[in-house]
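Based on these hints, arrange chain B on the given structure of chain A.
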Amino acid sequence: DVKVTQSSRYLVKRTGEKVFLECVQDMDHENMFWYRQDPGLGLRLIYFSYDVKMKEKGDIPEGYSVSREKKERFSLILESASTNQTSMYLCASSLSPLGSNQPQHFGDGTRLSIL
Amino acid sequence: GNSVTQMEGPVTLSEEAFLTINCTYTATGYPSLFWYVQYPGEGLQLLLKATKADDKGSNKGFEATYRKETTSFHLEKGSVQVSDSAVYFCALRKKTSYDKVIFGPGTSLSVIP
Numbered sequence: 017d018v019k020v021t022q023s024s025r026y027l028v029k030r031t032g033e034k035v036f037l038e039c040v041q042d043m044d045h046e047n048m049f050w051y052r053q054d055p056g057l058g059l060r061l062i063y064f065s066y067d068v069k070m071k072e073k074g075d076i077p078e079g080y081s082v083s084r085e086k087k088e089r090f091s092l093i094l095e096s097a098s099t100n101q102t103s104m105y106l107c108a109s110s111l112s113p114l115g116s117n118q119p120q121h122f123g124d125g126t127r128l129s130i131l
Numbered sequence: 291g292n293s294v295t296q297m298e299g300p301v302t303l304s305e306e307a308f309l310t311i312n313c314t315y316t317a318t319g320y321p322s323l324f325w326y327v328q329y330p331g332e333g334l335q336l337l338l339k340a341t342k343a344d345d346k347g348s349n350k351g352f353e354a355t356y357r358k359e360t361t362s363f364h365l366e367k368g369s370v371q372v373s374d375s376a377v378y379f380c381a382l383r384k385k386t387s388y389d390k391v392i393f394g395p396g397t398s399l400s401v402i403p
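Protein chains in written order, with the numbering used here: chain A, 17 to 131; chain B, 291 to 403.
Chain A on its own, in the form it takes in the complex (with noise of 0.2 Å):
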């Protein structure tokens, strides 16, 4: 099975701070992803990965960044967290290539909460 792992399951750090949040995939997936969820607004895509060192801006990627440094690895980071940012935090992974049919595999979130 698929594993995709965040590295915690809840934060809690205050406005300004700079935060990372960490995601690692254990199937050599290609494809890596950050979605955002809240309340009615259903899940947001920040940023997405489709190879090392490469990324793309998703929907909402203000005020986040993204690295890529190994295939495994995809990390989050809030350059200076701000209370709006408080939400939860969905990683997920997929196969490539183009047109594939695979679908996207999810960790369990990080609920982050910016005081």
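These aren't lab readings, by the way, just hints derived from the structure by calculation.
Certain hints may be false.
[To be verified] Each computed DSS-like pair below joins lysine-lysine, with the alpha-carbon atoms no more than 27 Å apart:
| no. | chain 1 | residue 1 | chain 2 | residue 2 |
| --- | --- | --- | --- | --- |
| 1 | A | K19 | B | K350 |
| 2 | B | K390 | A | K71 |
| 3 | A | K87 | B | K342 |
| 4 | A | K73 | B | K384 |
| 5 | A | K71 | B | K384 |
| 6 | A | K71 | A | K87 |
| 7 | A | K69 | B | K384 |
| 8 | A | K34 | A | K86 |
| 9 | A | K19 | A | K87 |
| 10 | B | K346 | B | K367 |
| 11 | B | K342 | B | K367 |
| 12 | B | K390 | A | K69 |
| 13 | A | K19 | B | K390 |
| 14 | B | K384 | A | K19 |
| 15 | A | K86 | B | K390 |
| 16 | A | K87 | B | K384 |
| 17 | A | K71 | A | K29 |
Chain B in isolation, oriented as in the chain A frame:
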């Protein structure tokens, strides 16, 4: 553009009732369609999928049929259990981009004994 619409929740059913959660989509071409489930406190899990018209996906008693003519992928289960209480997301994957999946807003289901 491409989008997914789901019925508004929350949905509350008694145990052993019949479940339908409606999902319709807008997309060019022939996307792959998915249902994901999110149990409380967890991430999303793939429930079932269909990749072409008239395909039926099924898993754990749930079924959904890819209807190209009505652009729908409704989720059904004949007899729900308390353990089916979760949020259900309909999603599509375009076959012409780098694996960008579009999710519906989710439908919350509560099953009461």
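Results of checking the hints against the structure:
Our distance criterion of 27 Å between C-alpha atoms is met by A/K19 and B/K350, whose separation comes to about 21 Å. Under the criterion of a C-alpha separation no larger than 27 Å, the hint pairing B/K390 with A/K71 is consistent with the structure, at around 13 Å. Between A/K87 and B/K342 the CA atoms are separated by roughly 31 Å; this puts the pair beyond 27 Å, and the hint is violated. Taking the CA atoms of A/K73 and B/K384, the gap is near 17 Å; set against the 27 Å cutoff, the hint holds.
For the hint pairing A/K71 with B/K384, the CA-to-CA distance comes to about 19 Å; that is within 27 Å, so the pair holds. Restraint check for A/K71 and A/K87: the C-alpha separation of about 12 Å stays at or below 27 Å, so the hint holds. About 24 Å separates the Cα atoms of A/K69 and B/K384, which keeps this hinted pair within 27 Å; it holds. About 21 Å separates the Cα atoms of A/K34 and A/K86, which keeps this hinted pair within 27 Å; it holds.
At most 27 Å may separate the alpha-carbon atoms for a hinted pair to count; A/K19 and A/K87 meet this at roughly 14 Å. Taking the CA atoms of B/K346 and B/K367, the gap is about 13 Å. The hint holds against a cut of 27 Å. Restraint check for B/K342 and B/K367: the C-alpha separation of about 21 Å stays at or below 27 Å, so the hint holds. For the given pair, B/K390 sits about 18 Å from A/K69 by alpha-carbon distance, which is consistent with the 27 Å threshold.
Of the supplied pair hints, the one linking A/K19 and B/K390 holds, its CA atoms being roughly 20 Å apart against a limit of 27 Å. Under the criterion of a C-alpha separation no larger than 27 Å, the hint pairing B/K384 with A/K19 is consistent with the structure, at around 24 Å. Restraint check for A/K86 and B/K390: the C-alpha separation of about 21 Å stays at or below 27 Å, so the hint holds. A hinted pair counts as satisfied when its Cα atoms are at most 27 Å apart, and A/K87 with B/K384 qualifies at roughly 23 Å.
For the given pair, A/K71 sits about 25 Å from A/K29 by alpha-carbon distance, which is consistent with the 27 Å threshold.
Hint compliance for this structure: hint 3 is the single one not met.
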